[in-house]
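S.K.: So the protein lines, in turn, are chains G and Y. Just so it is clear: in the first sequence, position 51 is 51 by the working numbering, and no numbers are missing. Just so it is clear: in the second sequence, position 536 is 536 by the working numbering, and no numbers are missing.
If you are wondering where the hints come from, they were derived from the structure by calculation, not from laboratory data. Check each hint, because a few of them may be wrong.
With a cut-off of at most 25 Å between alpha-carbon atoms, the simulated SDA-like pairs for lysine to any residue come out as follows [as the list claims (entries may be wrong)]:
#1 G/K74 x Y/A300
#2 Y/K501 x Y/F526
#3 G/K74 x Y/I187
#4 Y/K35 x Y/G149
#5 Y/K501 x Y/N24
#6 Y/K527 x Y/F539
#7 Y/K502 x Y/R285
#8 G/K74 x Y/P222
#9 G/K74 x Y/V303
#10 G/K58 x Y/R285
#11 G/K58 x G/N47
#12 Y/K115 x Y/E535
#13 G/K74 x Y/I122
#14 Y/K81 x Y/W131
#15 G/K74 x Y/I339
#16 G/K74 x Y/F201
#17 G/K74 x Y/W200
#18 Y/K432 x Y/H387
As a plain string of letters, each chain reads:
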Amino acid sequence: MSDNHAEHEEHIGIPGYLVIFLILVFGTIFTYFSSFWDLDSIFPGANTLLALAIAFTKMMFVILYFMHVRWSSKTVWLAAVAAFFWLAIMFAFTMQDYFTRISGVFSV
Amino acid sequence: MQEVSAISGNSVPADEPKLNYINNGHTLKSWLLTKDHKRIALMYLVSVSAFFLMGGIYAGFIRLELLTPASDLLETATYNKVFTQHGILMVFFFLIPAIPAILGNFLLPLMIGAKDLALPRINLLSLYIYWIGGIITLWALMQGGVDTGWTFYTPYSTTFSNSYVMAVGIGVFINGFSSILTGLNFIVSIHTMRAPGMTWFRLPLFVWAHYATSLVMILGTPVVAITILLVAIERFARIGIFDPAIGGDPILFQHLFWFYSHPAVYIMILPGMGVISEVIAGFSRKRIFGYEFVAFSSIAIAVFGFLVWGHHMFVSGQSIFAGLVFSFLSMVVAVPSAIKTFNWTATMYKGSISYDTPMLYAIGFLGLFLIGGLTGLFLGSVGLTVHLTDTYFVVAHFHYVMVGGQVIAYLAGIHYWWPKMTGRMYSEFWGKISAMLIFVGFNLTFFPQFILGYMGMPRRYASYPEELQVLNIFSTAGASVLGFGLVMPVVYLIHSLFYGKKAADNPWMHPGLEWRTSSPPPTENFKEMPVVTWEAYDFGEESGLDLEDARKREAVTI
Ligand SMILES: [Cu+2]
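Build the full structure now, drawing on both the sequences and the hints.
M.R.: What follows is the structure in structure tokens.
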């Protein structure tokens, strides 16, 4: 445990964490301003897509650096990936309802 | 480092009190700031029982109101609150923590041969979170309560209900973290704290069941927490998530809620299945039939349990295609449960069965869980469910699984490990009487509800047509028997604490590691680090578990 901790300090150190923090702050501000651009004229939902992309990037920084997953064992990677897999199940099965509600063979 | 024999120290304990986890410190502080998983488990036992009592009182009011067709004992609005609060207290504060937080906490380290759980402080934190969540919920109930049903369905909960939805929601939200932390602790402990020789396939099935439960706790609970948070955001900030008027979708709530709450029924039943595996193997004195199948069926239930939630939404406006997929998968998830039931039965076949109190409960479980499970197939088929949705058939099904399954398993476990937890034997006579009373009372309460539901009596109403009264009287009468049967263990178990015979270290002559330490165990669980050299459920005479021999020495009670 204790030697693990010492290792973590050395990964990127306080300045490194501050950089990550600034990236997150920048992402938040970027999300705010991007919501004023009319991207939906390119294709519907483009604004949401961009916001989600920024959020996803920020999340990856948190997971990889703040949560030390980048330097962790394969088991920890597996746990992190499993969480995404479960999220995918939740989205896929929920969307399976929304996408088949009105049209198709099974519509009422 | 020495192999611990199942027989060592099996002589009836001497009179001078040995230092154990209970008498190791008497101050309030030594309990409230303890890191000992066994003390935390006992504090959970007291708290969870208090919530069970409160939930039971609400159940009593429901049954009393339904004694007559008219809504006369309670006003309809009060009735809404009563059934809601019965559900919330029972589901979130009794069924979910009961077996993992009490029996799991107490036994998991003992069973894997560890001194404690891997994260003892986190364990204590989970108890405090449970208390905080519970107090907030109780406070909200005293302020006026909540009337949305335990499912908090939108748009009623977000837009129309004037009751304390958010206060209760916050209580449930906070309480969720308690079970996340418990699950986390169990997974880490099972991975890292096993004693030398305790391989994965030597783990008792109780541990496998808790591993599967913990997976569900960690993967599912955050989702319901976020869902409750989304309800709060919509209620306070009017951001459209579930309300169609502002761009939301009410069915989305049901998707998110049931993504957790269907797997949550496995959080409730899987640990019960673990208890039943231990009890049936133990009191049949046989290695469990198909150990690997039972172990992996727990994992299969945990994984496939996440793919079936739409069976709660067949008539909610979900697409028919989604309904078909969810219906099919619901049939699939019944398979691992069936595997377990067949294997338990096969374990008993040609076993040397003794009908002690825990075994009576376990046999009751087999029958009741079977009915509960099979009626689930009725509800999971898209056609039949249209007739049965929101009727008493659903109520009966759910209670057959949750009370007939989980509560009975919980009682089996409490009786089975009571000598280990407290160092005292309870009255076997009263134990058997109460086990049978509970079985009869339970069936009398809930079997009529299947018929009522099939005849069309909807749930969540305070009044009903007069022709349904006879069956409702049966049900209420059964509830009184059930209630009486449930109070009995409280009396004789507490009585046993003061007047019970001192328990031997291994009163049932069972091979598990938890029986190879003293009763009650010392704070550090084992005097020496145990080294496991035997397979799980090894009842062989060569491991010192010759029942006849032990009987001659009167070291066993059976
Ligand atoms: Cu379900």
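S.K.: Which hints from the list above does the structure break, by number from lowest to highest?
M.R.: Of the numbered hints given earlier, those the structure breaks are 4, 10, 15, 18, listed in rising order.
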